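Novice: One-letter residues, chain by chain:
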Amino acid sequence: LQPPEKPLQDEEWNRLRENFQLPEIFEEVMLNSMIRCNSHIDVAKSLLTHMAKQNGDIAYNMLVKYLTLCVQQGQVSEIRDVYDIMKVRFKILEIGAYNLLIKGLSNSDQWRMALTILEEAKKIMIPSRTSYESCIKAASRHQDVKLAFELYNEMLAKNIVPTLDVLQYFFDFSMGMKGAELQKELFGILLYLRENQIYPHKTFMQSIKLWFESIPGGNWRGQLTNIKDSGQCPVCNHQLEDSNLTEEEYNNLSERIIRDVIHGTDTFRKTSPQEFKAFQTFVESRLPFDIVIDGLNVSHIKPRKMQCENLFEAINCLAKENVRLLVLGRKHMLINSSNWKREIMKEMQNKADFFFADNISEDDAFLLYATLRSGKHCKFVTRDFLRDHKACLSDSLTRHLFRKWQRGHQISKNDGFFSVFSQQPAFRYDCVVQTTGDTWHIPYKDVFEEKYSYRVPRKWLCVQQKR
Amino acid sequence: MQSANMLLKKVVRSSVLPFAAQHGMKKDLFPLSRTLSLSLCLKQDNSCTPSEKTDLDAWKKVMKSGLQEEVSETVSEPQEFSSLAAARETLEMWRLAGRSVPEKVSEEQLKAFMECPSKSAKKKYLRFLYLKELHKKNDRRKMEEKRERRLEAQEQTSKTEETNKSPFACLWASTMDKAYNWRAAQSMIFGQPLVFDMSFENEMSVREVANTVKQLVLSESCNRRSVDPFHIHFCNFKDNSLYHTEFLKHYREAWGKLLITVTDQCYTEVFPKDKLIYLTADSPRVMKSFDHDKIYIVGSMVDKSIKTGVSLARAKRLGLETAALPLEKYLLWNTGAKNLTLDQMMRILLTLKDTDDWKKALEFVPKRKYCGFVNKPISELKKTDLINILKLGKRQQEVQKGFAKNYSKKYKLNQK
Chain A
1 LQPPEKPLQD EEWNRLRENF QLPEIFEEVM LNSMIRCNSH IDVAKSLLTH
51 MAKQNGDIAY NMLVKYLTLC VQQGQVSEIR DVYDIMKVRF KILEIGAYNL
101 LIKGLSNSDQ WRMALTILEE AKKIMIPSRT SYESCIKAAS RHQDVKLAFE
151 LYNEMLAKNI VPTLDVLQYF FDFSMGMKGA ELQKELFGIL LYLRENQIYP
201 HKTFMQSIKL WFESIPGGNW RGQLTNIKDS GQCPVCNHQL EDSNLTEEEY
251 NNLSERIIRD VIHGTDTFRK TSPQEFKAFQ TFVESRLPFD IVIDGLNVSH
301 IKPRKMQCEN LFEAINCLAK ENVRLLVLGR KHMLINSSNW KREIMKEMQN
351 KADFFFADNI SEDDAFLLYA TLRSGKHCKF VTRDFLRDHK ACLSDSLTRH
401 LFRKWQRGHQ ISKNDGFFSV FSQQPAFRYD CVVQTTGDTW HIPYKDVFEE
451 KYSYRVPRKW LCVQQKR
Chain B
1 MQSANMLLKK VVRSSVLPFA AQHGMKKDLF PLSRTLSLSL CLKQDNSCTP
51 SEKTDLDAWK KVMKSGLQEE VSETVSEPQE FSSLAAARET LEMWRLAGRS
101 VPEKVSEEQL KAFMECPSKS AKKKYLRFLY LKELHKKNDR RKMEEKRERR
151 LEAQEQTSKT EETNKSPFAC LWASTMDKAY NWRAAQSMIF GQPLVFDMSF
201 ENEMSVREVA NTVKQLVLSE SCNRRSVDPF HIHFCNFKDN SLYHTEFLKH
251 YREAWGKLLI TVTDQCYTEV FPKDKLIYLT ADSPRVMKSF DHDKIYIVGS
301 MVDKSIKTGV SLARAKRLGL ETAALPLEKY LLWNTGAKNL TLDQMMRILL
351 TLKDTDDWKK ALEFVPKRKY CGFVNKPISE LKKTDLINIL KLGKRQQEVQ
401 KGFAKNYSKK YKLNQK
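Note that the protein sequences, when read in sequence, are chains A and B. Residue 217 in UniProt numbering is what sits at position 217 of the first sequence, and the numbering runs on without skipping anything. Residue 345 in UniProt numbering is what sits at position 345 of the second sequence, and the numbering runs on without skipping anything.
Some, not all, of what chain B presents toward chain A, calculated at C-beta under 7 Å:
| no. | residue |
| --- | --- |
| 1 | A58 |
| 2 | V62 |
| 3 | M63 |
| 4 | T90 |
| 5 | M93 |
| 6 | W94 |
| 7 | A97 |
| 8 | G98 |
| 9 | P284 |
| 10 | A313 |
Straight line, CA to CA, 30 Å or less: simulated DSS-like cross-link-like pairs of lysine-lysine:
| no. | chain 1 | residue 1 | chain 2 | residue 2 |
| --- | --- | --- | --- | --- |
| 11 | A | K91 | B | K60 |
| 12 | A | K6 | B | K61 |
| 13 | B | K288 | B | K367 |
| 14 | A | K331 | B | K288 |
| 15 | B | K119 | A | K123 |
| 16 | B | K122 | A | K91 |
| 17 | A | K445 | A | K376 |
| 18 | B | K123 | A | K390 |
| 19 | B | K238 | B | K214 |
| 20 | B | K338 | B | K214 |
| 21 | A | K122 | B | K60 |
| 22 | A | K122 | B | K104 |
| 23 | A | K6 | B | K64 |
| 24 | A | K379 | A | K228 |
| 25 | A | K341 | A | K379 |
| 26 | A | K122 | B | K64 |
| 27 | B | K119 | A | K137 |
| 28 | A | K341 | A | K331 |
| 29 | B | K249 | B | K137 |
| 30 | B | K123 | B | K104 |
| 31 | A | K87 | B | K122 |
These aren't lab readings, by the way, just hints derived from the structure by calculation. These numbers come from a predicted model, not from an experiment. Every residue gets a Cβ at the ideal spot worked out from N, C-alpha and C, and that includes glycine.
With the hints as extra help, turn the sequences into a complete structure.
Specialist: As structure tokens, this is what we get:
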């Protein structure tokens with residue numbers, strides 16, 4: 001349906017309506033296509049007038065559609081008129097209309113009104129994050145920085161996740177501005193990135209860099225760099241934070257793994273209490289291990305090869321002097337079959353400790369337990385991303401801890417044999433936004449949309465203050 | 001002409017109102033009539049000359065006029081309303097905005113709506129109610145249509161002749177019921193037991209429990225209608241549980257008269273352990289044939305979020321034998337989870353008991369989930385056989401995708 005070029009008379013609308021297949025929804029479809037084609041609002045007005053004459057009233061959803069068109073074109077006076085009409089006509093509006101009004105008004109000199117509408121919207125429901133963002137942008141555009149940060153903090157308090165866009169905006173408009181308070185707030189945003197393990201994208205990183213360098217009298221210098229595998233920053237020679245968890249975090253994580261992942265709602269779902277007990281005594285009597293291997297996962301690395309050969313190769317590759325290996329598997333591996341040759345199994349058992357779980361138990365949970373029990377130096381080998389186990393952890397904080405620990409302890413890429421692995425090798429340093437007061441190190445992504453959530457950026461922004 | 005008049009009247013009515021409102025809604029007839037005639041002329045002028053530019057903001061006047069009237073009505077209402085009323089108001093606005101919101105919402109539903117933890121949960125719940133309302137409305141409409149048709153038919157027959165008499169007595173539903181109940185009663189003495197494990201209430205949401213009970217009611221009815229029914233046991237059944245209240249909703253007073261055994265005991269207390277087999281899709285063991293001496297257990301659980309291993313955990317805890325239906329073996333699986341609904345399980349088990357024919361029994365697996373039946377186990381089939389079966393399938397593209405996913409390791413399909 002193509003909307004007309006210019007306003008139509010009643011008769012013309014009637015004619016169009018009659019020619020339309022479903023006359024009942026003609027107006028709705030027409031307005032939708034006007035929004036799509038971005039028609040002149042006079043055309044929409046003439047349709048509304050036609051509707052008003054016909055029915056003596058205009059339905060709410062039609063008004064909202066008209067409002068959408070007005071917002072799309074920034075027709076502020078029309079937006080106000082529609083709002084006035086709606087306000088008297090209905091006791092409250094629904095959230096969609098509020099969002100539109102806020103979006104429309106915040107871009108104009110009537111932006112204060114957007115704030116009152118935001119207040120109104122709060123009464124019925126939590127406003128959307130785009131509403132907050134429109135208001136924040138409006139407030140900061142008009143130099144009301146305090147208000148902007150108030151809104152931002154309110155947003156965080158309501159557990160609304162801000163877009164990177166609005167965070168970047170804060171840095172953009174604060175460029176060259178002075179004030180300890182402002183600086184504190186912006187550092188707060190950087191710490192927010194740290195806590196939630198968010199990585200800024202390239203343009204956002206540029207804004208951060210420029211802001212730092214624009215602080216009057218701050219003497220900040222920013223430089224892009226790659227961190228060495230040792231975790232040292234080549235620019236300022238600063239050693240990045242260790243990827244190891246603190247004692248408390250570590251204990252917390254192991255406790256939660258046992259509680260949420262292994263036991264969960266019912267211990268029998270993943271293992272059985274007898275089996276877990278047996279495993280615990282097995283592990284305790286042989287502690288500590290250096291590397292724990294997920295036997296079945298590793299045995300599938302090269303599909304053309306016999307499974308036990310794959311595993312054998314892996315063990316040979318990892319077994320060095322004084323390295324204690326633990327291989328987790330299932331009982332069916334012990335039965336002589338085309339894939340599992342008894343002699344090779346025997347030979348492997350001389351080089352490493354083996355634990356065989358029941359065929360219907362989950363060995364991954366044991367993998368996590370054994371690694372955590374062995375201590376911070378212990379690493380584990382699997383291609384599995386362990387997403388399902390991470391999902392068993394109930395709160396996001398522990399999930400972050402798990403990811404961090406996993407990054408530091410999961411071996412999945414090595415020369416030669418382990419080249420099949422797609423993940424990165426264990427990191428020695430922690431890949432988050434970090435500061436020492438006079439330096440900041442901020443990892444960033446090249447593109448806005450990163451395809452893999454498990455992949456951490458390799459590029460960093462190093463900012464240091466020259467005294 | 002008439003319609004034009006109507007139109008005019010409408011316009012006039014609406015354009016009069018602001019005037020009346022401005023004058024404090026005095027019910028003075030005289031000024032009213034004067035504006036009436038005035039605006040009449042105005043409008044006529046307008047319609048006489050279509051070439052003249054229309055007032056594009058006319059709609060605003062109309063809207064503002066209509067609302068003044070309403071405002072003056074609503075002003076007397078108390079300004080503050082309770083949170084319930086506010087929620088109702090929100091719903092109404094959503095409905096006006098064209099979202100899927102039911103017309104009628106009960107107090108109880110409104111409370112449930114407010115308790116939804118997030119915006120999307122609220123939307124989902126409303127959509128559920130909306131669809132329910134839609135179905136109800138459609139059903140009612142169909143019923144009415146049917147009744148009308150029946151009345152018409154009756155009129156016609158009464159006009160023509162009295163009905164011709166059949167030599168057989170009409171078998172009414174109650175007679176059938178009696179026959180069924182006899183069979184069910186017999187099964188309670190001699191029938192093979194079939195256990196439904198009712199211990200999953202904590203694993204399910206309220207809606208899942210409601211769905212479970214619905215499926216159980218269906219299973220019970222098709223068991224009753226079968227030639228040789230099972231003796232149904234509901235084990236681990238707690239009185240006043242959510243299951244119980246849902247059953248009462250469905251059966252009402254018939255709940256006490258059902259020819260099944262309901263007990264709060266566990267099946268291990270009722271039957272010898274070595275005879276029990278827990279049926280679960282997670283079982284590593286695959287059922288080969290139906291054993292008439294065993295007692296099969298089905299978990300009464302609907303898990304929309306696919307919680308794996310819940311019923312397997314029950315069996316493990318009690319050390320019971322488990323089994324899964326040989327779906328992979330006989331069906332070329334297409335999409336969907338391998339857990340079936342309780343009534344499908346019931347039909348499959350009934351058919352197996354009567355015929356021991358897997359093909360017949362697995363007819364009750366939903367057609368969308370598989371794309372063909374094979375008589376031999378899939379691992380023994382040749383490549384060409386598989387392709388032939390796939391070609392018979394209707395949605396080849398889809399099927400091949402699903403097939404490639406499931407069996408790609410064993411056979412490489414030639415797509416050309």
